[in-house]
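Our numbering numbers the first residue of the sequence shown as 1 and each following residue consecutively.
A few of these clues could be false.
Here are the simulated distance ranges between beta carbons [as the list claims (entries may be wrong)]: (1) A239 x A192: 54 to 60 Å; (2) G267 x L243: 23 to 29 Å; (3) R427 x D158: 23 to 29 Å; (4) R262 x A239: 47 to 53 Å; (5) V99 x V67: 16 to 22 Å; (6) K188 x V345: 29 to 35 Å; (7) A239 x I156: 19 to 25 Å.
To be clear, the hints were calculated from the coordinates, so they are not data collected in a lab.
Don't be surprised by glycine CBs; every beta carbon is placed ideally from N, CA and C.
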Amino acid sequence: MPSFGRAATAGKDADRASAPRKKPIYRQLYFWVLVGIALGIAVGLLFPTWAADMRWLADLFIKLVKVVIAPTIFCTVVVGIAGLGNLAKAGGLALRTLVYFTATTILALAIGLVTVNIMRPGVGLNVSFDEADAADTIAKAEESGEGFSGFVLHTIPDSFFSAFVDGQLIQVLVLAILVACALTMLGKRGEAAVRALDTMSHIMFGVIKIVMYAAPIGAFGGMAFTIGEYGGQVLTSLAYFMLSFYVTCVLFVIVVLGIISRLAGFGLFKLLRLIRDELLIVLGTSSSESVLPRMMTKLEAAGVKKSVVGLTIPTGYSFNLDGTAIYMTMGAIFIAQATGSDVSVWTQIGLLLFMLLSSKGAAGVSGAGLVTLAASLAAFGDVIPLAGIALIVGIDRFMSEARALTNLTGNAVGTLVIARWTGGLDRDRLKHVLDNPNSIDMDALMSFDDGSSDKKEDRSGEESEAGRAEDTAEAAETAEAADSGTRPSDGGADGDRAPVGTRG
Numbered sequence: 001m002p003s004f005g006r007a008a009t010a011g012k013d014a015d016r017a018s019a020p021r022k023k024p025i026y027r028q029l030y031f032w033v034l035v036g037i038a039l040g041i042a043v044g045l046l047f048p049t050w051a052a053d054m055r056w057l058a059d060l061f062i063k064l065v066k067v068v069i070a071p072t073i074f075c076t077v078v079v080g081i082a083g084l085g086n087l088a089k090a091g092g093l094a095l096r097t098l099v100y101f102t103a104t105t106i107l108a109l110a111i112g113l114v115t116v117n118i119m120r121p122g123v124g125l126n127v128s129f130d131e132a133d134a135a136d137t138i139a140k141a142e143e144s145g146e147g148f149s150g151f152v153l154h155t156i157p158d159s160f161f162s163a164f165v166d167g168q169l170i171q172v173l174v175l176a177i178l179v180a181c182a183l184t185m186l187g188k189r190g191e192a193a194v195r196a197l198d199t200m201s202h203i204m205f206g207v208i209k210i211v212m213y214a215a216p217i218g219a220f221g222g223m224a225f226t227i228g229e230y231g232g233q234v235l236t237s238l239a240y241f242m243l244s245f246y247v248t249c250v251l252f253v254i255v256v257l258g259i260i261s262r263l264a265g266f267g268l269f270k271l272l273r274l275i276r277d278e279l280l281i282v283l284g285t286s287s288s289e290s291v292l293p294r295m296m297t298k299l300e301a302a303g304v305k306k307s308v309v310g311l312t313i314p315t316g317y318s319f320n321l322d323g324t325a326i327y328m329t330m331g332a333i334f335i336a337q338a339t340g341s342d343v344s345v346w347t348q349i350g351l352l353l354f355m356l357l358s359s360k361g362a363a364g365v366s367g368a369g370l371v372t373l374a375a376s377l378a379a380f381g382d383v384i385p386l387a388g389i390a391l392i393v394g395i396d397r398f399m400s401e402a403r404a405l406t407n408l409t410g411n412a413v414g415t416l417v418i419a420r421w422t423g424g425l426d427r428d429r430l431k432h433v434l435d436n437p438n439s440i441d442m443d444a445l446m447s448f449d450d451g452s453s454d455k456k457e458d459r460s461g462e463e464s465e466a467g468r469a470e471d472t473a474e475a476a477e478t479a480e481a482a483d484s485g486t487r488p489s490d491g492g493a494d495g496d497r498a499p500v501g502t503r504g
């Protein structure tokens with residue numbers, strides 16, 4: 001993955017570096033994404049019939065990104081873990097990552113449960129529903145597997161390449177961890193493979209840089225479709241439940257993630273400002289996967305070690321779905337309230353514990369939030385009618401945006417927290433980037449040559465002189481080794497060599 005590049009190198013050199021000139025607003029990605037969203041809303045309101053057919057633009061953009069997500073994740077995770085050079089370090093990082101993600105998921109589930117019981121959006125609603133509306137969702141829930149065993153089986157692909165063909169991120173993650181462990185055990189013989197995968201990740205990021213030019217078009221299509229298809233219905237139906245869900249997500253981000261951020265030593269709102277481009281793309285496309293590679297690049301540029309980013313971000317997309325967790329508990333109790341079902345406190349706690357597992361199976365499932373909610377309700381069908389899922393099918397599209405935004409923010413905070421916890425965070429670098437978010441040049445970072453080619457001519461004289469000095473030193477070392485009957489040092493034993501392909 002590209003390092004921070006010449007814009008500001010890690011440590012004190014970065015703080016001494018002069019801040020780059022701020023780009024005009026019309027050259028900022030977030031500006032054009034905002035334009036796309038605004039145009040989408042206008043078209044959806046003025047021409048709803050035509051706008052309802054614009055979803056293919058958002059789907060096209062998401063598919064373009066998904067084409068390179070699986071190979072990017074695979075290369076990044078392998079290089080990151082192999083770069084640690086020690087399986088014990090990788091295991092410790094993975095364990096702490098899972099502990100943190102499990103704790104935040106429990107908090108998200110609990111907050112959703114408390115909020116829906118306080119606001120009681122479904123009480124007295126008495127909304128009728130057509131069970132046929134939920135038929136497709138229920139069928140997908142049945143196909144996604146049942147309980148813990150179904151989730152474990154889902155993590156293993158049918159073949160090595162099927163995970164990439166099907167775009168199953170959790171399966172790609174499992175394969176990447178296995179390959180990284182194997183390369184680490186190979187020692188120096190595996191270094192060439194690690195360098196090749198690092199080069200491949202550069203290529204994938206270059207492709208993503210090109211695809212990002214289509215982000216405003218994807219945002220326009222997604223927003224136009226949403227407003228054109230559901231705009232009129234949202235104004236008159238189930239609006240209070242949607243409001244309750246949005247309020248809960250905002251409270252979770254500001255209160256829970258805000259406190260966690262403060263304890264970890266950084267400001268939440270500064271982080272949100274740093275990832276504003278990604279948040280706007282997610283808002284327009286309702287998919288957090290569309291910015292996964294950009295998030296990895298940006299957080300590494302902000303001072304997080306490559307190995308930490310490579311493991312926590314992909315894992316978070318499968319195990320740290322805070323927005324989905326809130327949606328699941330609120331959706332289940334809302335359906336119970338709207339249908340007049342009596343759900344005791346102990347049953348609600350049991351539902352929370354069950355959803356703690358079922359929410360982990362959301363990765364790679366189309367319409368993950370709604371499908372996993374249906375799968376969870378199926379386990380409590382004697383208390384909450386599964387067909388009641390039809391109540392929220394129509395507004396799920398609007399709620400998916402809040403889910404995706406909350407998931408993305410939770411993963412950004414989680415990555416920084418885990419990096420701080422494991423000693424993989426350059427705090428000076430992070431402070432500098434959070435105070436000066438424009439110091440990160442994403443165009444340079446997403447390019448193959450990491451943006452250094454424009455200084456090649458200016459530095460050619462220095463590099464030639466340095467090269468001659470290095471050759472002289474190497475010749476002297478070789479001569480000395482020959483006199484003493486020993487071989488020049490190769491950097492030590494395999495276990496002590498410098499990590500390959502890392503810049504963190």
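Cross-check of the supplied hints:
no.: 1; hint: A239 x A192: 54 to 60 Å; result: holds (59 Å)
no.: 2; hint: G267 x L243: 23 to 29 Å; result: holds (27 Å)
no.: 3; hint: R427 x D158: 23 to 29 Å; result: violated (44 Å)
no.: 4; hint: R262 x A239: 47 to 53 Å; result: violated (33 Å)
no.: 5; hint: V99 x V67: 16 to 22 Å; result: violated (33 Å)
no.: 6; hint: K188 x V345: 29 to 35 Å; result: violated (59 Å)
no.: 7; hint: A239 x I156: 19 to 25 Å; result: violated (43 Å)
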